[in-house]
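J.: Here's the letter readout for the chains.
There are 2 protein chains.
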Amino acid sequence: MKHKKMLMVVCDGASDRPVKEFDGRTPLQVARKPAMDAIARNGVSGTMDVIAPGVVPGSDTAHLALFGYDPYQVYTGRGPIEAVGAGIDLHEGDVAFRCNFATSDDGVHIRDRRAGRIRSGAAELAEALSGMKLEDVEVIFKEGSEHRAVLVLRGDGLDHRVSDVDPHSEGELLRSRALAPNADKTANLLNEFVARSYEILSKHKINMDREKNGLAPANIVLPRGAGSPAPIDSIASRFKLRCAGIAGVTMVKGICRLVGMNVVDVDGATGGLDTDYLAKARAAVDALEEHDLVFVNIKAPDIAGHDGDFRLKVQVIENIDMMLGSLLKDLHEEVVVALTADHSTPVSIRDHSADPVPVSVSGADSRVDSVREHDEISAASGALGRIRGVDLLPIMLGTANRSSKFGA
Amino acid sequence: MKHKKMLMVVCDGASDRPVKEFDGRTPLQVARKPAMDAIARNGVSGTMDVIAPGVVPGSDTAHLALFGYDPYQVYTGRGPIEAVGAGIDLHEGDVAFRCNFATSDDGVHIRDRRAGRIRSGAAELAEALSGMKLEDVEVIFKEGSEHRAVLVLRGDGLDHRVSDVDPHSEGELLRSRALAPNADKTANLLNEFVARSYEILSKHKINMDREKNGLAPANIVLPRGAGSPAPIDSIASRFKLRCAGIAGVTMVKGICRLVGMNVVDVDGATGGLDTDYLAKARAAVDALEEHDLVFVNIKAPDIAGHDGDFRLKVQVIENIDMMLGSLLKDLHEEVVVALTADHSTPVSIRDHSADPVPVSVSGADSRVDSVREHDEISAASGALGRIRGVDLLPIMLGTANRSSKFGA
Numbered sequence: 000m001k002h003k004k005m006l007m008v009v010c011d012g013a014s015d016r017p018v019k020e021f022d023g024r025t026p027l028q029v030a031r032k033p034a035m036d037a038i039a040r041n042g043v044s045g046t047m048d049v050i051a052p053g054v055v056p057g058s059d060t061a062h063l064a065l066f067g068y069d070p071y072q073v074y075t076g077r078g079p080i081e082a083v084g085a086g087i088d089l090h091e092g093d094v095a096f097r098c099n100f101a102t103s104d105d106g107v108h109i110r111d112r113r114a115g116r117i118r119s120g121a122a123e124l125a126e127a128l129s130g131m132k133l134e135d136v137e138v139i140f141k142e143g144s145e146h147r148a149v150l151v152l153r154g155d156g157l158d159h160r161v162s163d164v165d166p167h168s169e170g171e172l173l174r175s176r177a178l179a180p181n182a183d184k185t186a187n188l189l190n191e192f193v194a195r196s197y198e199i200l201s202k203h204k205i206n207m208d209r210e211k212n213g214l215a216p217a218n219i220v221l222p223r224g225a226g227s228p229a230p231i232d233s234i235a236s237r238f239k240l241r242c243a244g245i246a247g248v249t250m251v252k253g254i255c256r257l258v259g260m261n262v263v264d265v266d267g268a269t270g271g272l273d274t275d276y277l278a279k280a281r282a283a284v285d286a287l288e289e290h291d292l293v294f295v296n297i298k299a300p301d302i303a304g305h306d307g308d309f310r311l312k313v314q315v316i317e318n319i320d321m322m323l324g325s326l327l328k329d330l331h332e333e334v335v336v337a338l339t340a341d342h343s344t345p346v347s348i349r350d351h352s353a354d355p356v357p358v359s360v361s362g363a364d365s366r367v368d369s370v371r372e373h374d375e376i377s378a379a380s381g382a383l384g385r386i387r388g389v390d391l392l393p394i395m396l397g398t399a400n401r402s403s404k405f406g407a
Numbered sequence: 000m001k002h003k004k005m006l007m008v009v010c011d012g013a014s015d016r017p018v019k020e021f022d023g024r025t026p027l028q029v030a031r032k033p034a035m036d037a038i039a040r041n042g043v044s045g046t047m048d049v050i051a052p053g054v055v056p057g058s059d060t061a062h063l064a065l066f067g068y069d070p071y072q073v074y075t076g077r078g079p080i081e082a083v084g085a086g087i088d089l090h091e092g093d094v095a096f097r098c099n100f101a102t103s104d105d106g107v108h109i110r111d112r113r114a115g116r117i118r119s120g121a122a123e124l125a126e127a128l129s130g131m132k133l134e135d136v137e138v139i140f141k142e143g144s145e146h147r148a149v150l151v152l153r154g155d156g157l158d159h160r161v162s163d164v165d166p167h168s169e170g171e172l173l174r175s176r177a178l179a180p181n182a183d184k185t186a187n188l189l190n191e192f193v194a195r196s197y198e199i200l201s202k203h204k205i206n207m208d209r210e211k212n213g214l215a216p217a218n219i220v221l222p223r224g225a226g227s228p229a230p231i232d233s234i235a236s237r238f239k240l241r242c243a244g245i246a247g248v249t250m251v252k253g254i255c256r257l258v259g260m261n262v263v264d265v266d267g268a269t270g271g272l273d274t275d276y277l278a279k280a281r282a283a284v285d286a287l288e289e290h291d292l293v294f295v296n297i298k299a300p301d302i303a304g305h306d307g308d309f310r311l312k313v314q315v316i317e318n319i320d321m322m323l324g325s326l327l328k329d330l331h332e333e334v335v336v337a338l339t340a341d342h343s344t345p346v347s348i349r350d351h352s353a354d355p356v357p358v359s360v361s362g363a364d365s366r367v368d369s370v371r372e373h374d375e376i377s378a379a380s381g382a383l384g385r386i387r388g389v390d391l392l393p394i395m396l397g398t399a400n401r402s403s404k405f406g407a
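Chains A and B, in that order, give the protein sequences.
Position one of the first sequence corresponds to residue 0 (numbering that gives the first Met the number 0), numbered consecutively onward.
Position one of the second sequence corresponds to residue 0 (numbering that gives the first Met the number 0), numbered consecutively onward.
Pulled out of the complex, with its shape left as it was, chain A reads as follows (with noise of 0.2 Å):
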């Protein structure tokens, strides 16, 4: 019985609704797909609740469960996820949050959540804030792309259930406040650290240059989606795999290192729509050499789903399949395969939603059913049936003679 070589794709938010214009069909039935068609005609297909019937997955919780993990479990808030993309080495009882540099001319009423996209001085910036003392907590703070930068709290008596200080919109910032009983130590330092990031920041040379240029000083942080790192077993030691995940977002690239998967950095994947396809198909082929599991993400679907652009959806998707096709043609041996997506990101919603995916599994000796296509409806009435994400990677793990056996 010899363990097979296993490669999940994720295309980021491809699962859609039908939509009327296009006769009733939804990009995935639209779109000319023959690699993606040819995992659903040579394996077994099916429909795939990410998280649970009725559940809108986010990305985050979504990936979890795509590795095995019940979110439910070790999920407590995006912040962790995005200290970890961002290098931090997370410590038990850590509170982590995503932040936004803003623009605020009086510490109080937000003018721009995003300072104006701020290009560059982010990382002096950041430097400013990182290594302050708020009592006995330490303060860790890094930035990430653009206006997009982690706080995290390090000290004894933290607790992550605190509000957001982010009102995610413009206007008035709120006070965080505790959400257990526990956490008001939290929430009262969460409020003091922004109040200093204004004070010190209002003045740091880098915004006194960038109102000069007329540009929105970032002087201030907006501090939301606190969690605490779940002590999570890494996925090669719960599965006994060397892993390996490509992806283009750095919140996908978290997930990754959370859960112990070697990061695989690719030139040209930007986890944008102008994503080197290419790249990402040789990048693969080659980690499957000294991995046995590689995992990649094609964001670009889910933006073109945001954008609530049918036409662009199909684009995307028909530029993936060519990167499956020259995927799957080079690889050196039989490889389980796994196509399926994070979640669905219907055109005409402009967000995620709760409806399932559609699932394909195919390699070398899998069960083959009578699905011919990968889409949405075509994948429902296949031999899989209806799973859940967390499913997923135990399937596949059958599939390549993986799976540990429970009982003599």
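Note that these hints are calculated values from the structure, not bench results.
Check each hint, because a few of them may be wrong.
All copies of an identical chain are treated as equivalent in the list; a pair is satisfied when it fits inside any one copy or across any two copies.
[What the hints assert, rightly or not] With a cut-off of at most 30 Å between alpha-carbon atoms, the simulated DSS-like pairs for lysine-lysine come out as follows:
| hint | residue 1 | residue 2 |
| --- | --- | --- |
| 1 | 328 | 19 |
| 2 | 211 | 1 |
| 3 | 328 | 202 |
| 4 | 202 | 1 |
| 5 | 204 | 328 |
| 6 | 204 | 1 |
| 7 | 19 | 1 |
| 8 | 328 | 404 |
| 9 | 132 | 328 |
Following the hints, position chain B against chain A.
T.: Structure of chain B alone, referenced to chain A:
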């Protein structure tokens, strides 16, 4: 992203098994039902274990599941549901029972478990029992329809884990026993209540008159189905929905009230074979004006199933279909419609069975599969796959763009 309204139509017990004498078809397969088939044709269908595979649902547990509650968490017995249905406001720690008025000549042997299906005077008899004190425990007693009534014991140290007094057939009544270490007090008080009911009711004027007129006196009370109210979050607070329930049967109304629905009383909605279908349809259309979710239960197919009458079951399904056709035609806006049953009541069994039920969900831009008929076999090949009862409402919420995101 517009929130859509929702309509859940439950054809009570409509699901069945194939019957040889009718070409191995089920009543749903034989009935002419264009409206039901249209729901299947315009949406997605599946097969549903209302509780879990192989579990025979009661009407009570089934409806709890259909309303999104895990019956294993919230159901302790039928008593509380009947009590709420009868309009009693239950407190934590109460123990509630379903009861029959019965006829006994000595307070021990039961001559008629239904006291000649007493039709009048039950309210006065109930009043004679209600308000009684048993040690420090208060007795609340209220009549139901015909020989039915509910008993609530209210006081400290009660426990619902006690056995029935009702022998469930004519013969000697049973002495209630404690089924848990702390339930002795409750069992003893229950036995005392039954003895007191015989003392009081035997001498009651209404029963004297009944005997004079050759009617069986309603001179003893037989409690069964002990339960305590579970702390249930209302459907309104769990899902942020204004809900209305339309049903003829008291028990179903009780569950609607228990979960916080507005119960709409419809003149002519009897819960019997003679129910006024069009009045129910009009009430549903009206209720959708002021509510986000309207639930309609039609009991008639279950009655035909219990009667073992295939042709009658076909007939009532066709009647419901007419109602549905009228209802759907009168809707003022796009509504997500779910059509299903709370359990199977096969005419060959004359009772509930564990067979899963067909389910179809359509509305607006919902996905559409290739299922063209709403019946047990056609639906099972649809894109909904095999779901559980507790998943139906979340799936409707997702289709109606009302689900909330987990994660970011």
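J.: The structure should be examined with respect to each hint, and the outcome stated for every one.
T.: Verification of the supplied hints:
no.	hint	result
1	328 <-> 19	between (36 Å within a copy, 21 Å between copies)
2	211 <-> 1	neither (66 Å within a copy, 44 Å between copies)
3	328 <-> 202	neither (57 Å within a copy, 66 Å between copies)
4	202 <-> 1	neither (64 Å within a copy, 45 Å between copies)
5	204 <-> 328	neither (54 Å within a copy, 68 Å between copies)
6	204 <-> 1	neither (62 Å within a copy, 46 Å between copies)
7	19 <-> 1	between (47 Å within a copy, 17 Å between copies)
8	328 <-> 404	neither (33 Å within a copy, 38 Å between copies)
9	132 <-> 328	neither (55 Å within a copy, 66 Å between copies)
Consistency with the previously given hints fails for numbers 2, 3, 4, 5, 6, 8, 9, ordered from lowest to highest.
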